[in-house]
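Participant: Let the hints inform the model, and build the full structure from the sequences given.
Taken in order, these protein sequences are the chains called A and B. If you read the first sequence in numbering that gives the first Met the number 0, its first letter stands for residue 0, the second for the next number, and so on. If you read the second sequence in numbering that gives the first Met the number 0, its first letter stands for residue 0, the second for the next number, and so on.
The list treats identical chains as interchangeable, and a pair is accepted whether it falls inside one copy or across any two copies.
Below 25 Å or equal to it, Euclidean Cα-Cα: the simulated DSS-like pairs (lysine-lysine) are:
no. : residue 1 : residue 2
1   : K222      : K196
2   : K350      : K395
3   : K179      : K222
4   : K68       : K500
5   : K276      : K317
6   : K463      : K161
Calculated directly from the structure, the hints in this document are not laboratory data.
Protein chains: 2
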Amino acid sequence: MAKRPTIIWTKVDEAPALATYSLLPIVKAFTKPAGVDVELRDISLAGRVLAQFGIVPDDLAYLGELVWKPEANIVKLPNISASLPQLLDTIKELQSQGYDIPDYPENPQTEEEKEIKAKYDRCIGSVVNPVLRQGNSDRRIAPPVKEYARKHPHRMGEVSPKSESYVAHMKSGDFYEHEKSVTLRKDTKLRYEFVDKDGNVTVLKEIDAGMGDVIDATYMSRKRLREFFDEVINDAKEKDILFSLHVKATMMRVSDPVIFGDAIRVYYKELFEKFGKELEEIGFDPNRGLSDLEKRLSKLPPEKQEEIKKTIEEIYKKQPRLYMVDSDQGITNLHRPNDVIIDASVPAVIKNGLKGWGPSGETDDCVITIPDRSYATMYSEIVEDIKVRGQFDPTKVGTVQNVGLMAMKAEEYGSHDKTFFPSSDGVIRVVDEDGNVLLEHEVEQGDIYRSCHTKDIAIRDWVKLAVNRAKESGYPIVFWLDSLRAHDRELIEKVKEELQKYDLSDVEWYIKAPREAMKFTLERFRKGEGTIAVTGNVLRDYLTDLFPIIEVGTSARALSIVPEIAGGGLFETGAGGSAPKHVQQFVKEGHLRWDSLGEFLALVESLKLAYKQAGGDNKKILVVAEALSKAASKYLDNDKTPKRKVGQLDTRGSHYWLARYWAEELAAQTEDAELAKIFEPVAAALVENEEKILGEIDATQGKPQDIGGYYNPDDAKAEAAMRPSKTLNEIIDSLLNG
Amino acid sequence: MAKRPTIIWTKVDEAPALATYSLLPIVKAFTKPAGVDVELRDISLAGRVLAQFGIVPDDLAYLGELVWKPEANIVKLPNISASLPQLLDTIKELQSQGYDIPDYPENPQTEEEKEIKAKYDRCIGSVVNPVLRQGNSDRRIAPPVKEYARKHPHRMGEVSPKSESYVAHMKSGDFYEHEKSVTLRKDTKLRYEFVDKDGNVTVLKEIDAGMGDVIDATYMSRKRLREFFDEVINDAKEKDILFSLHVKATMMRVSDPVIFGDAIRVYYKELFEKFGKELEEIGFDPNRGLSDLEKRLSKLPPEKQEEIKKTIEEIYKKQPRLYMVDSDQGITNLHRPNDVIIDASVPAVIKNGLKGWGPSGETDDCVITIPDRSYATMYSEIVEDIKVRGQFDPTKVGTVQNVGLMAMKAEEYGSHDKTFFPSSDGVIRVVDEDGNVLLEHEVEQGDIYRSCHTKDIAIRDWVKLAVNRAKESGYPIVFWLDSLRAHDRELIEKVKEELQKYDLSDVEWYIKAPREAMKFTLERFRKGEGTIAVTGNVLRDYLTDLFPIIEVGTSARALSIVPEIAGGGLFETGAGGSAPKHVQQFVKEGHLRWDSLGEFLALVESLKLAYKQAGGDNKKILVVAEALSKAASKYLDNDKTPKRKVGQLDTRGSHYWLARYWAEELAAQTEDAELAKIFEPVAAALVENEEKILGEIDATQGKPQDIGGYYNPDDAKAEAAMRPSKTLNEIIDSLLNG
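Facilitator: Pasting the structure below:
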């Protein structure tokens, strides 16, 4: 007998959690007749806090185990990556609700206090994703979203072939140039050592690594980086176009702020020459952006402050105009390191016709500065392609899906704990437990050294995933690997070895360096064809913004799936965060504008996995999934997404429409008569009661709502507020209980 | 009254000189009615020798002055760049003809002998082109040749998108990276100095330079070059594809043999490790290729020779397979430095479907190694474009014309006397006469340092030429200049300044770095559109082979014009040399197979210039030119080019056809009734007497011919042999004397 699959739906925070009160009953009701169970598991901030003290079961721990089992099938909605203030608010709220939990000990003295603090600290920051994401990444645009974009294209700025915008990258001295890499031949311990000019050895870090793992290390010369910035800034000045810098200081949080800081040191060189002493005194850290100087300036005497401000004004006159984050507020590219994030910012320039915003609110061509060549060349390729072939037309372009090597802190995104800034000139080397020097780099003081550790099992799983996606989609797969890069060379060998394990008779595959992969992909893209980019971790991040933004205007509507290494699946929804403002609006005026489209689309994919998990013979599951996909298309086509203002269609009403379309599709399909028979009366009832149901929902709009808590709403109150239509509830519940 | 323009036709050597006996009377006869004089001037090797001793007028000196006058209008046929043996033969022949000239003094002792040797030495090597080419370069495919290729496309090898061929270039340490450049602000003397680590200064060279001239200097790190070769060779091995190296040792005769030698030092590393001492003893110079070792090997004891040969065999087993020049003969890419010449060899790989020939005569993918990035990236772009978009289709592609900065030893091609190999680590600097250090490079022993001097006037003329060509053709002009390269940055500034002098309302112009310029150009090229590449001296050389080979199968059929700086024009014909074998065939069996197509096409352009020189109001000249262009089309279409074998149509017969088509076109045109009236009876006579004329010519085939000399034919004998048709001669001569 076939197994009965269970889909885990996650209980999260804020708007998506509220939406779940309305949506989950529909999901349960519509999937039950197909033999699928849907189970709610609590990964909300409040739930995680309570679990720390044994008050509720630890669902995150449960899921952490589940993802290592093949039956894992999780729909994960956006949750809070808590800051300390959010945690304190949560504690206060839970205490007010009567939960017996201690205060947060800011300065723990006793062992007990320390333990309490440790428990709370486990709830801070990004703690859910690292537990649940035990696999690589599968990202693509779901067909309903793609179809919608083709019919309702977003605006893409015109591009002139005379555009002077271009991607500037270093010619030498960068990470790309210095990379060395090795594949381990046995399990071992690795030691990162710094050897100074006098032969003194300092151990920087020790890690465990396994046979088959790929270790790479490289460094960027700070001297060359600053020379490069100088050149590019001069070139921008010469051409009278904007200077812009695109890094990812949020993700590459150790290395990229330093690169960002060097841009400031070069652009504002005169400032440091004139006021070096003063800037040091007040503790200005360029790596935090010019805003750090503004914060600290008041520590100086007023005359000095004036002098510095005047010098900055003079610099702006001499140097090229800066790309602006917000020209009204005078916020420049160099104001804060986290404002311009490459994966979003370069697509924004592209969307804007290869133009950026200048200091006076003008749009102009810009130098898109991306110092390291490892990935800059592919941005260069697309920018130049656009200059030659014109702006992309969303009604005509194909699709670029991504299979990304993300598992187990792969590549640069796992390098933070192995990023070092040598305190003097010397050598950094990686030594195994037998004393063999595996990698060695001569570095100068302050250079950015970084090393990555990519796990064998993650790489092999990634290749498997690529082959599976190729077979499912019929699209060619392109491994974006550069045989002239040391790390990639190790990967190419592994990829070729691994591919031999599969039947590739129906798989078209390529291995191409990023620039050439982009060229190949764009050629197909412009012809309306589909291609799968099989990439490392950084390109995964970059491309899964770049192409969705070109294709459908936003990456928030892309499917984000983590096919777990153990065989299960994690289906993430909505890249837009958990939307605190939406909750405020709902509590204040009874209008929720969370769009559950991401949940609908993720559920389609989750159901397809459930079908496989059930043994592949329960076609009902596929029928339900297919009907949901079509319902999502109608939902988009007929514009049934929630609107912004009170009185208009809101989340609850949008769920009515989804349920109605889903039921209609199920009633109309001919593949499964039993399901059709079940859903015919449901569809009829939903159509017949359209006005009544929407009226019951609308009646609650414009009034404050009581949900009994912000971080930990009262389930009964929240459900009442989110399911105000008795008529709709009856239809849904009769299915659930039928 | 309008000036009567004179076209200079050059008397040259060997086959084209023989062809002139038959063709020139036709040319004179057909242009005379339009008011154009055609004058023969002797630049043949024999003529130049006789001129040295005052026996005949020095026509080359005359032309050397003429090219600096606006009335210059020269059709230059291929002539001999004499080697010493050719000179000795010429001297012997002239003496035998009774000319009183001395023997060549190989070891001159007296002042008189030294003077004689100096006179003769002035006749050796390439001495004509440097005198006549006082301008930049205008190269393109004439319409008749383009039309013919579209109708009769040459074969282009299919390319697989899975081709592993790619262009490998250095990631750093190359000329591209280290370039510095400056534009002189006044006339000055420049001193190239080497400063060793102890501060000792050696003056390497002094040159005069003028205000506005652009000086650049750079170096290639030999260490990095060898590391690069090592990487690329390993990658070729890894991928199991051919290793190929593409340089231009013939033209870059100081720097490129050293680069070539380093490839040998790396590929055959093991040989140097094992037999370093022996190789040094016998004086093996890797810069001369492995053939130099083969020549010297016999100096070693037989056992040692065997050991070395065995080691080489072993190296071939371990290293990647080499790209072959001639696999039957076992001649590899590394055999001789002048065998694989980049401008011809890369197009050959492209034409062959991105494949080269391997050691066993197999074709296979290959690494196309081009160490320096200055121009390698544009080859990379076209190679990758072909992998993505497929092979070019000669029936569909557009055309890429070239305007090249060639005048006054511009750029790298004039750098030989400023190329240095530092004898120790140190600094090479360029100092002006006021002691200012303009450029400075830290170099290591053996690095390749080179500096170029590009004259202000040459650059300005080049921009003018580009604008003129844009207006004449209606095509966009693209300046292939890289704003991230120091030299190009200086040029960009000059170009922008210079462009302001012209009315650009009808000119579409761009400045793009080579890779992007190639991308832009290829996009148009594949759509069948025309584009003008406005390039520096090296790209001129590369692109004027690359595109003609793709478009029409050979660069020999491209127009090559030097618009002289002073306003005149030099129209060069036939890139195929002066064809000694053709003369032998004619003397032996009365069949000459020189194709005068190049002369026809050059004359069309020469006539167009003559029209301008005559004041622009004598339309007859244009009518004659246009008719000749159409005649050349018919000549190609009806396949009236000379054939290879005796008994078939030969040069003389082909000239009959040209004359006939030309006359027919002139008779048929309606723009000038006077000309039509003159040529109607000529055309009729040529048609009527077709059989008779060709019969008179054919009657002389199969028999030996006496032309009274090889280097200095007897004019009467040669004319008799080359104009055997009394009937044709009468028709032509009546026009001439009419």
